[in-house]
Amino acid sequence: MSKALPLAVPAVLLALLALLPLAGERFVTYLVIRVMLLGIFAVGYDLLLGRTGLLSFGHAGFYAAGAYALGFFSLRVSHHPLLGVLVAVAAAALLGLAVGALCVRSSEVYFSMLTLAFGMMVFALVWNASSITGGDDGLVGIARAPVTLPGISLSIARDAEFYYLVLLFFALAIFVAWRIRGSPFGLVLAGMRENATRVEFAGVPVRRYRLAVFTVSAAYAGLAGGLETLLESSARPMMAHWTHSSEPMLVSLLGGLGTLSGPIVGSALFIAIREIVQRFTEHWMLGFGVVLLLIIGAFRGGVVGTIHQVVARRRARGAAS
Amino acid sequence: MSAPLLAAHGLTNFFGKVCTARNLDLAFQEGVLTSIIGPNGAGKSTLINLLTGHLPVQSGRVEFRGGDVTRLPVHARVRMGICRSFQIVNVFPQLTALENALIPSLAAEGRAHRFFSPVWRESAARADAEAALERVGLSERSDTLASALSHGDKHLLEVAVALAARPALLFLDEPTAGMNPHERARLLASIRSLAREGRTTFVVVEHDMDVVFSLSERVVVLHRGEVLCDGSPDHVRADARVREVYLGQEVEAAARPGALP
Amino acid sequence: MQSIVHVLLAGLSSGMFIWLVASGLTLIFGVLGVLNFAHGSFYMLGAYACYTLVNVFAPHFYLGVLLGPLAVAAVGLAMERRFLRGVYHLALPYQLLLTFAFVLIFDNLVKIAWGAGSLTPPVPAALRGSVEIVGRRFPIYSLLIIAIGPVVALGLWALLERTWLGRTVRAAASDREMASALGVRVPALYTGVFAFGAWLAALGGALAVPYVGLLTPGMGESIIIDAFIVAVIGGLGSLKGAFLGALIIGILSAFGTRFFPTFDMALTFLLMAAVLLVRPRGLFGAAA
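For the protein sequence lines, the chains are A, B and C, in the order given.
For reference, each letter of the first sequence is one residue, going 8 to 328 in the numbering used here.
For reference, each letter of the second sequence is one residue, going 94 to 354 in the numbering used here.
For reference, each letter of the third sequence is one residue, going 7 to 294 in the numbering used here.
To be clear, the hints were calculated from the coordinates, so they are not data collected in a lab.
One or more hints might be untrue.
[Unchecked claim] Calculated pairs, SDA-like style, for lysine to any residue (alpha carbon to alpha carbon, straight line, at most 20 Å): (1) B:K247 with A:A203; (2) C:K117 with A:Q285; (3) B:K247 with B:P274; (4) C:K117 with A:R281; (5) C:K117 with A:E289; (6) C:K246 with C:P193; (7) B:K247 with A:E201; (8) B:K110 with B:H316; (9) B:K247 with A:T204; (10) B:K247 with A:R200; (11) C:K246 with C:S180; (12) C:K117 with A:V298; (13) C:K117 with A:A203; (14) B:K110 with B:E319; (15) B:K247 with B:S216; (16) C:K246 with C:K117; (17) C:K246 with C:R91; (18) C:K246 with C:G141; (19) C:K117 with A:G294; (20) B:K110 with B:M173; (21) C:K246 with C:T105; (22) C:K117 with C:T105; (23) C:K246 with C:F202; (24) C:K117 with A:V297.
Modelling step: build the complete structure from the supplied sequences, incorporating the hints.
If you want it as structure tokens, here you go:
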């Protein structure tokens, strides 16, 4: 297991993130929100893939479930953003529990294929039930109402204000993931990735644990989906498409599968590269495919993993001399 | 005679057309160190797989402390106290030796599901895991990744992981394979002292006759899925059918006094 | 009644294209153990190669069908030798992600080379005819496709069961180390099987040119999902299962599109989920 960073590093990063909107660059603020959303999605996804070794192609379905749940709640019941986010997470988690219960009975490739099927069923549902879900236009006009708590009302209408709500959830999501990874449950998950049979023989009901981590990762996806709905004021069917499921996969690999910071670093890199390369060519995904090849071929640990390796090698050399 | 710890009644198993277990009736008493021997293909691993729940029972019954466990899944049997080690090293390569032993000990303490508290606070499980590593002589390498251990150390870890769950009944599947004489002696001494402490009843599958006859109070001989002979080491050694199956050589060699460490 | 027969025939013919892609996918999975995401791209490349050959070099469709897939097989060969070979020892996610990287690369290369829009290939005169079936006209080409499917199936069966090469492939599929110990050059065999699988998909693509009438860079994406579903329903690694699965999915999709247009997208996924829940390894897959 990797050595934890000294607490100062995340603290400094958090402080920097908190100061960012004050710099006034609206577009950068928007981009960093997007990075945080993808980061939340990817951190939860990596708990499933990097930590437990389960490859899901259907997580976009949970993202969309969260997005549409918040959308419906906001349009029909209440505009309160915190309640909406709660509904989004709950909806995604419930769907994750139901789908997961069916999928964890299968292993490896069949598990992946089942998750693909369920994810695309969500897509088909939101695409076709256009009278309820708005079809390929999706749900629109979702308001970003102020956060009202007893005594105060905080506006989140401007991106720079909404940024802080997202930052709060981002920090919370990472904190929870950090605790899970360091817990007995987290250790058992790592064991399941390495050798599921032996974990069973250690006395752990593997299927139940798989379902638990699947549900948690679905909840993360729902959180990200709900927050995106608030950001864009809309929920769209493509959120549920399997190509969207590939994003957390790619960024986790890019940043470092199985690490906590990897998915976040990967999200930042992914969005930064996309923004830059898109200005020059619309075929930036081609470059991304090449980058993927490079990572799988040579830098399997991703950015974070490679850094760890370099640091470890330096330390070994230092200890030897 | 008190109720057996584990009893198998009429276990029959077919692998396609091959019969790997033929109407086996076997009982293991608490505290009696038993060895299971037999030529290759006799069905030793199949028996362990059936008794531990790794292979579903096609016909027959398995009882643990009088209760029917035939349909119980593997993890439930482990929680009840039936554990095993594997012939081929079956550990967690990217985890340290200590972490390897922690997983079963956490499960045994009922703490494996805790998801918010840090693992390093689990003192009881940690103590069990460290004790298991100590027993097999791996304490110095508790922070080494399992994949980085030497071949012999990996086999020691294999046994440690099985021990860490502090089972009532432990099946060791060829535990000394791949070990040098020093490691083997150390492991056997550990098994003997643990058996004497009484917490764990050992059932050892072995090919090495020195180990078998020096360690066991009881020897079960399997041949083609059936129990050929079952009794004290002397009884088995003297049995004509056993000699025939083994061509007398290994059995007689082990009968020589002073042949064992 | 008339529409049912026509829908059935339409389903059979569209199913045969899925079969061609799924057959290669199944072969590759059965022998190499790799689930090739890029297989839909081979189908697409086969179509584009055929189109280009016919449009640019020689206006003979059969040349396009003959040479196009061979060119794509060469691409597959290079892909396996240079990239895929290095990841067999890695965990499943890495293999899938590698083939996925190639999807990104191939799809975007096609967009760059042929444009992101759709192309309309000219249909050769000989294939434009139609035949009357139960009172309505049905394209001859579609009937031809329905015939080609089983021919390919029989050919594959004969190849695998009756030839020395086929036996070698099957041996390597069931036990790689043993085959290698017996002198089989397993890496070369893997490359060959991969290239052959790519050829099958590309053949499907080339044959699809007059059938779909429209080429888009997205055609690979849509057929790979169907091919996956078919391969999984049939049981990964079972050609017989893939053939049966392709027929079922083709017919189901055709009926779905015609009679239940709102649900047709979900139908195939529902079927796959249903099959897997009842038979976790597919219809003819290895026992769970």
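Do the hints match the structure? See the list:
The suggested pairing of K247 (chain B) with A203 (chain A) holds, with an alpha-carbon distance near 18 Å, which does not exceed 20 Å. For the given pair, K117 (chain C) sits about 15 Å from Q285 (chain A) by alpha-carbon distance, which is consistent with the 20 Å threshold. Taking the CA atoms of K247 (chain B) and P274 (chain B), the gap is near 15 Å; set against the 20 Å cutoff, the hint holds. With a CA separation close to 18 Å, the supplied pair K117 (chain C) and R281 (chain A) stays within the 20 Å bound.
Between K117 (chain C) and E289 (chain A) the CA atoms are separated by roughly 10 Å; this keeps the pair inside 20 Å, and the hint holds. Between K246 (chain C) and P193 (chain C) the alpha-carbon distance is near 26 Å, which puts this suggested pair outside the 20 Å criterion. A hinted pair counts as satisfied when its Cα atoms are at most 20 Å apart, and K247 (chain B) with E201 (chain A) qualifies at roughly 15 Å. Straight-line distance between C-alpha atoms of K110 (chain B) and H316 (chain B) comes to about 17 Å, which keeps the hinted pair within the 20 Å bound.
For a cut-off of 20 Å, the pair hint linking K247 (chain B) to T204 (chain A) stands: about 17 Å separates their Cα positions. In summary, the hint linking K247 (chain B) to R200 (chain A) is supported, as the alpha carbons are separated by about 19 Å, within the 20 Å threshold. With a CA separation close to 17 Å, the supplied pair K246 (chain C) and S180 (chain C) stays within the 20 Å bound. Using a Cα cut-off of 20 Å, the hinted pair K117 (chain C) and V298 (chain A) holds, with the two alpha carbons roughly 19 Å apart.
Under the criterion of a C-alpha separation no larger than 20 Å, the hint pairing K117 (chain C) with A203 (chain A) is inconsistent with the structure, at around 43 Å. With a C-alpha separation of about 16 Å, the suggested pairing of K110 (chain B) with E319 (chain B) holds against the 20 Å cut-off. At most 20 Å may separate the alpha-carbon atoms for a hinted pair to count; K247 (chain B) and S216 (chain B) exceed this at roughly 25 Å. Between the alpha carbons of K246 (chain C) and K117 (chain C) the distance comes to roughly 35 Å, so the proposed pair goes past 20 Å and is violated.
A distance of roughly 27 Å separates the Cα atoms of K246 (chain C) and R91 (chain C); the hinted pair therefore is violated under the 20 Å criterion. Note on K246 (chain C) and G141 (chain C): the hinted pairing is violated, with a Cα-Cα distance of about 34 Å set against a maximum of 20 Å. Restraint check for K117 (chain C) and G294 (chain A): the C-alpha separation of about 13 Å stays at or below 20 Å, so the hint holds. Our distance criterion of 20 Å between C-alpha atoms is broken by K110 (chain B) and M173 (chain B), whose separation comes to about 33 Å.
A C-alpha spacing of about 25 Å is found between K246 (chain C) and T105 (chain C), which places the hinted pair above 20 Å, so the restraint is violated. Restraint check: the Cα-Cα separation between K117 (chain C) and T105 (chain C) comes to about 18 Å, which is no more than 20 Å; the hinted pair holds. The suggested pairing of K246 (chain C) with F202 (chain C) holds, with an alpha-carbon distance near 18 Å, which does not exceed 20 Å. Note on K117 (chain C) and V297 (chain A): the hinted pairing holds, with a Cα-Cα distance of about 16 Å set against a maximum of 20 Å.
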